[in-house]
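Here's the letter readout for the chains.
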Amino acid sequence: MDLTSLDDEALLRLIIQRNQEALGVIYDRYSRLVFSMALHAVGDRLAAEEITQDVFLRVWEKAGTYRSEAAKVSTWLASIARYRSIDYLRRRGVRLDHSSIGWDDLTPGSMPVTDNEPEDYVEQESEHWRIRRAITHLPEEQRLVLDLAYFFGLSHSEISNHLGEPLGTVKTRIRLAMQKLREALKNDLPVEK
Amino acid sequence: MVADEHVTELLPAYALDALDAGDASRVDAHLKTCPDCRLELKSYQQVVEMLPYSVPQVQPPAYVRERLMEQVGATRSVSGEQRADARAASGRTLSLWSGLTRAWAVVSLVIILALASSNLLLWQRVNRLQTTVQSSMRVINLESTDAAPGASGLLVISLDGEHGTLVVDRLPQLEEDYQYQVWLVENGNRTSGGVFSVSSSGYGSLWVSTDLALADYDSVGITIEPAGGSPGPTGERVLAGEIQAQR
Numbered sequence: 001m002d003l004t005s006l007d008d009e010a011l012l013r014l015i016i017q018r019n020q021e022a023l024g025v026i027y028d029r030y031s032r033l034v035f036s037m038a039l040h041a042v043g044d045r046l047a048a049e050e051i052t053q054d055v056f057l058r059v060w061e062k063a064g065t066y067r068s069e070a071a072k073v074s075t076w077l078a079s080i081a082r083y084r085s086i087d088y089l090r091r092r093g094v095r096l097d098h099s100s101i102g103w104d105d106l107t108p109g110s111m112p113v114t115d116n117e118p119e120d121y122v123e124q125e126s127e128h129w130r131i132r133r134a135i136t137h138l139p140e141e142q143r144l145v146l147d148l149a150y151f152f153g154l155s156h157s158e159i160s161n162h163l164g165e166p167l168g169t170v171k172t173r174i175r176l177a178m179q180k181l182r183e184a185l186k187n188d189l190p191v192e193k
Numbered sequence: 001m002v003a004d005e006h007v008t009e010l011l012p013a014y015a016l017d018a019l020d021a022g023d024a025s026r027v028d029a030h031l032k033t034c035p036d037c038r039l040e041l042k043s044y045q046q047v048v049e050m051l052p053y054s055v056p057q058v059q060p061p062a063y064v065r066e067r068l069m070e071q072v073g074a075t076r077s078v079s080g081e082q083r084a085d086a087r088a089a090s091g092r093t094l095s096l097w098s099g100l101t102r103a104w105a106v107v108s109l110v111i112i113l114a115l116a117s118s119n120l121l122l123w124q125r126v127n128r129l130q131t132t133v134q135s136s137m138r139v140i141n142l143e144s145t146d147a148a149p150g151a152s153g154l155l156v157i158s159l160d161g162e163h164g165t166l167v168v169d170r171l172p173q174l175e176e177d178y179q180y181q182v183w184l185v186e187n188g189n190r191t192s193g194g195v196f197s198v199s200s201s202g203y204g205s206l207w208v209s210t211d212l213a214l215a216d217y218d219s220v221g222i223t224i225e226p227a228g229g230s231p232g233p234t235g236e237r238v239l240a241g242e243i244q245a246q247r
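Protein chains in written order, with my numbering: chain A, 1 to 193; chain B, 1 to 247.
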């Protein structure tokens, strides 16, 4: 049976039954996503490799805890990767290096123009392209707080302390950033700053 | 309502799990009673679902997959040709049972046996690098060579002398194309006990089983070989220990 044609939930059901090939297929589908998240958060390839292995091992062990009504499998996986990376950073008391934070490489001019739609991309590539394009239209201070909140797991007050900015300012920036992204993704059009 | 507006403003951060505890509880409580806010929250959760795709996408190296599959107990996928060579060389199947759980099962069983038989903590025994031929499992200490100073290893042999578990620590991680290979030596003949890789801290373990009982070999060694293993040792030796001499 060719497992690669099965959807994620079917693969998880097989994983619960200890089907190692199913784990392999899930790994092949999402290892790049997990590794990239970990690498972005921890900045260290070897640590990101270990985190990746841990995440899929956890999938192997905890596939039975996945609830389809709560989230898609990819979201569940990304969540495990996110919290595992944050946990890694916390346990090592890592100081955040701002030079790598905030999606610095994304500028409005660096994205393809809207009439070159990536029709031949696979679904993950197009998601990647869409969110990155949406982010190019966020001012730098909004990108920074979003990155700190999502990938580095900081709360409002932790971000405020970390940046030395007022709590109200941080709250507003996060809210505005998320509202803008929501608009941009809904319309798939460039957003006014 | 003012209270509702305030909660609405917190929903984006709630979706990010970035609220401080006090705000988070308020939103939790409010969501239970407000379907509009639950819907609004969902729209922000959809944004959060996209964030993982926002970073540069990088492929992890192939050995991460191999290690994962090893850890869940899969047989290593040695290429067909190498597998045939290994069979031809030793006349038996390579089966690898590496995994921390197995190493710990062995160690905990040894602790139980040691406590039952002699009241001495096994850890003390292992640390003193002793081996015994009484009712507890033999522990062969492996010495490191100049090729891997600082590395250490133990080969714990089962009570019946047939099989064992190898545990190593502080062995350098190898590049993608290489792995460590275990060799059992008897009368100058070298038999492969399997291949393994180590974690970033240099820790690794392997279930070792060959046609001959492990206790019947003269010595054990670990060398660096091309990934998947070689029919005979070709690379540098990193760890070695005596099996028969200590009887």
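Wrong hints could be hidden among the right ones.
No more than 16 Å apart at the CA atoms, straight line, and that leaves these computed lysine to aspartate or glutamate pairs for EDC-like [to be verified]:
| no. | chain 1 | residue 1 | chain 2 | residue 2 |
| --- | --- | --- | --- | --- |
| 1 | B | K42 | A | D44 |
| 2 | B | K42 | A | E183 |
| 3 | A | K72 | B | E49 |
Which stretches of chain B does chain A cover? Using the computed rule of at least three CB atoms under 8 Å from a CB of chain A, they are [unchecked claim]:
| no. | region |
| --- | --- |
| 4 | 14-28 |
| 5 | 34-46 |
| 6 | 55-69 |
Label-pair restraints from in silico Cβ distances [said to hold, decoys possible]:
| no. | chain 1 | residue 1 | chain 2 | residue 2 | range |
| --- | --- | --- | --- | --- | --- |
| 7 | A | Q179 | B | R26 | 57 to 67 Å |
| 8 | A | K62 | B | E236 | 32 to 42 Å |
| 9 | A | E183 | B | A147 | 53 to 63 Å |
| 10 | B | A21 | A | T169 | 13 to 23 Å |
| 11 | B | D28 | A | E165 | 23 to 33 Å |
Hint data in this document are derived by calculation from the structure and do not stem from the laboratory.
We treat Cβ as the ideally placed atom computed from N, Cα and C, and that holds for glycine.
Here is what the structure says about each hint:
As the CA atoms of K42/B and D44/A are separated by approximately 33 Å, the hinted pair breaks the 16 Å bound. Among the hinted pairs, K42/B with E183/A is consistent with the structure: their alpha-carbon atoms are about 14 Å apart, no more than 16 Å. Taken as a hint, the K72/A and E49/B pair is honoured in the structure, with Cα atoms around 9 Å apart against an allowance of 16 Å. Check on the region 14-28 of chain B: 7 of its residues sit with their Cβ under 8 Å from a Cβ of chain A, so the three-residue criterion for coverage holds.
Coverage of the region 34-46 of chain B by chain A holds in this model, with 3 residues showing a Cβ closer than 8 Å to a Cβ of that chain against a need of three. Here's how the region 55-69 of chain B fares: 12 of its residues keep a CB closer than 8 Å to some CB of chain A, so the rule of at least three is met and the hint holds. The hinted window of 57 to 67 Å between Q179/A and R26/B is violated, with their beta carbons roughly 20 Å apart. For K62/A and E236/B, the hinted distance range of 32 to 42 Å is satisfied, since their beta carbons lie about 40 Å from each other.
Checked against the hint of 53 to 63 Å, the pair E183/A and A147/B passes, with Cβ atoms roughly 60 Å apart. Roughly 20 Å separates the CB atoms of A21/B and T169/A, a value that falls within the hinted 13 to 23 Å. Under the hint 23 to 33 Å, the C-beta atoms of D28/B and E165/A, about 26 Å apart, fit the expected range.
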